[in-house]
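Q: Work out the full structure, taking the sequences as your base and the hints as a guide.
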Amino acid sequence: MTYVEYKQLNPLQRFAFNFKKFFKNLPGALSRFFKGLGLAIVHFFVGIGKGFKNYGTTFVKGDWATKLSYFVFGAGDFHKGKYYKGILFFLVEVLYVLFMVFFGGKQMYLLPSLGFLKQQQLEDEYGDTYVVQGHNSMQILLYATLTIVVTIVVFAIYISNIKDAYRHQVMRANGEKPTGLKEDAKEFLDGKYHITLLSFPILMISIFNILPLIFMILIAFTNYDGDKHNVLFDWVGMQNFGNLLNVIDNARKARTFFGIAGWTLIWAVAATFSNYILGLIVALMINKKGIKLKGVFRTMFVITIAVPQFVSLLLMSQILAEHDGAFNMLLAHFNGGVNPHVNFLGGQPWVARLTVIIVNCWVGIPYTILSMSGILMNIPEDLYESARIDGASPVQAFTKITLPYMIFVTTPQLITQFVGNINNFNVIFLLTGGKPDNANYFNAGYTDILVTWLYNLSMGQEKDYGLASAIGILVFVICATLSLIIYNNSKSMKDEEAFS
Amino acid sequence: MIKSYKFRRGLANGIIYLILGVMCIIWVLPFAYLVLHSFRLDGAPVGNGYILPRQFTFRNYIDLFSGTSSNADVQASLYFPRWFLNTLVVAACSCVISTLSVLMVSYTFSRLRFGIRKTLMNIAMILGMFPGFMTMIAMYYLLKIMGLNGQLVSLVLCYSCGAGLGFQISKGFFDTIPRALDEAATIDGATKNQIFWKIILPMSKPIVVYTVLTSFIGPWTDFILAKIIMGDKFNNYTVAIGLQKMIDINFKTTYYQQFLAGSVVVAVPITLLFLKMQKYYVEGVTAGGVKG
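Protein chains in written order, with the numbering used here: chain G, 1 to 500; chain P, 1001 to 1292.
Hints in this document: simulated from the structure, not taken from any laboratory.
Errors might be hidden in some of the hints.
[Unchecked claim] 27 Å max Cα-Cα, derived BS3-like pairs, lysine-lysine:
id: 1; chain 1: P; residue 1: Lys1279; chain 2: G; residue 2: Lys294
id: 2; chain 1: G; residue 1: Lys53; chain 2: P; residue 2: Lys1118
id: 3; chain 1: P; residue 1: Lys1279; chain 2: P; residue 2: Lys1205
id: 4; chain 1: P; residue 1: Lys1252; chain 2: P; residue 2: Lys1233
id: 5; chain 1: G; residue 1: Lys182; chain 2: P; residue 2: Lys1198
id: 6; chain 1: G; residue 1: Lys435; chain 2: P; residue 2: Lys1198
[As the list claims (entries may be wrong)] Per label pair, the in silico range of CB-to-CB distance:
id: 7; chain 1: G; residue 1: Gly433; chain 2: P; residue 2: Ile1126; range: 57 to 67 Å
id: 8; chain 1: P; residue 1: Val1096; chain 2: G; residue 2: Ala185; range: 39 to 49 Å
id: 9; chain 1: G; residue 1: Gly191; chain 2: P; residue 2: Lys1198; range: 13 to 23 Å
id: 10; chain 1: G; residue 1: Glu187; chain 2: P; residue 2: Ile1187; range: 13 to 23 Å
As the structure is a prediction and not an experimental result, all values here were calculated from the model.
Backbone N, C-alpha and C define an ideal beta-carbon position, used for all residues, glycine too.
A: Have a look at this one:
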């Protein structure tokens, strides 16, 4: 369709056209994304190749000091009169060598086997027992990860040391003098300000996000079951993933995984769409023309958002308790004073599951109302006008304009919420804690979703860290795929500027 | 014709008012229950066959803050004032650190241009996709090795360290501040450092307040991380895990009333802060829109 043809369409047709285009472009966008990913990987390796080439050519072109700084950090800088930087570089090398000799080297040596010495109780010649400390695989793995991270950082410093040496060599050849400490310090407040600002956050994120993450990913390939006495564990390759996905033998872990994954999917779909649809309806009612007290209604719902979620969820779990819960008490009033003792959260599996979904509506609908209200006010009024002139009834206007518009605009939000619900730990954990128990499952109950199962496996009675990490990785793969779809869509939507 | 139209519209609106009214009641009722029963006199877990409390008292609040319990048989091992103070300290410390790092990171990504900017932003996006508590076990061992296990410092570290990853909203705000301001300042000889502190920050009050409030509220409402780190150290609990402990099977008969009172004590300030933050958030976003 050409631009002129597009401009001749009426708003409704334009909308239908864009709507179709959006979904038609979805596969294309996806394939573009993966192509981009491939290209990025290629660029990455090309970059590495270039790095090696530079590494070689610099060595050939460099004078003796530059060549020396391939082995002694900071030699080039020192020779060219940039003393403080040369000393800093050299200090890094000394510290790293000391670190590797006294600490890191041993960890790297033990990494492939994850330790082999068992803790032993021996008797000395007088008959007293003493304990010989064995290797602790968990510690070895953590320290080895730390060593690897440190090595990568030092390698980056090494490369920058060489680059700096060569830069100063070129500067001297051009008759320039290296800058002093004062000028360099000033530069960190201006031209290199990003280094000043980012170094602290990046350091923190590396220690408390990236290091644990690498550690947990590595754990997924071990048989660490978290038992306190079993401090030695081994690499097992893909066995944890095999256990999770092994449907052929109908093993207990695989059965649990697919059972829970199924319920997680049902839960995510039900929770997302119930919130979405009911929230949309309420938002429409509040925003309808002629309804007064809009502010009051909105405030009522906003207040329920503002109360900390754990308070409202713990409260709900108490209200719905089996024997002394207020809701059962309320039911007793309609039941002739006899308390029915309905066990909403731990009795029949499907009662518990339904209750969780309904309570989640109570928690989640106000959020939907809040976000929907803003979008509803933005629907162009001329869409409705032209529909009215064409003789559309209010119902038709709703089903043909409002609903498609809302779905179109809020699709990314919907996927975000879907991902959020897959990870919705609080609602399940604080309401039911996974109950009712399922004897067929491995360490899980009927209302457990993948992330609460992960929690049970790492914090509950029967621990299995390896399995837990494998689940974490699978959840990441699912969520990352969905998030990438959103990312692509929102981008394509920005480009197309539909509805503007 | 007109009359019937008016009538129909009136009827429809009436039905809508009715539905909205009922819904408001459903939504507010549990909280009304919470507040009413936190003032209830008798000590049993929940009313004996009645829903509305019959006598009111401040006793539960007094017990909560004095650390005594109405049931003499049980030792008062749960001490709410201490938890409240813990949470306040942790929230204040992590609020300062995370606000600073969020603002620094978002300013850098919004205003400064350097080689690996895009790469770093992509890494941040990917890190955000991992389920959060997958790393908690590792964090637990990391803190154990550092010797910080079960201490309040470790909570501050955990809450504030990852904060730099949540830069998107404030970066969006910084993006809307016209670059002409930066350029003018640069011509006048200002460094990037001066631009950040003297020009961008003073203009970003809504987003600064928003960041401060979100990072302050975080520790009050976080549950899972505190639980993993604190374990059985009652003294270092925050209010969230403390309140959950109160309705644990072993404590519920004694502490149920205090749980309700404690929930009110926590919920009221957080609710007020949230409503304030809401205003600033909306202001920040719309102000950005107008300027952009």
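Q: Would you mind marking each hint as holding or not holding in the structure?
A: Here is what the structure says about each hint:
no., hint, result
1, P:Lys1279 x G:Lys294, "holds, 17 Å"
2, G:Lys53 x P:Lys1118, "holds, 24 Å"
3, P:Lys1279 x P:Lys1205, "holds, 12 Å"
4, P:Lys1252 x P:Lys1233, "holds, 19 Å"
5, G:Lys182 x P:Lys1198, "holds, 23 Å"
6, G:Lys435 x P:Lys1198, "violated, 55 Å"
7, G:Gly433 x P:Ile1126: 57 to 67 Å, "violated, 31 Å"
8, P:Val1096 x G:Ala185: 39 to 49 Å, "violated, 25 Å"
9, G:Gly191 x P:Lys1198: 13 to 23 Å, "holds, 18 Å"
10, G:Glu187 x P:Ile1187: 13 to 23 Å, "holds, 19 Å"
Comparing the model with each earlier hint shows violations of hints 6, 7 and 8; every other hint is respected.
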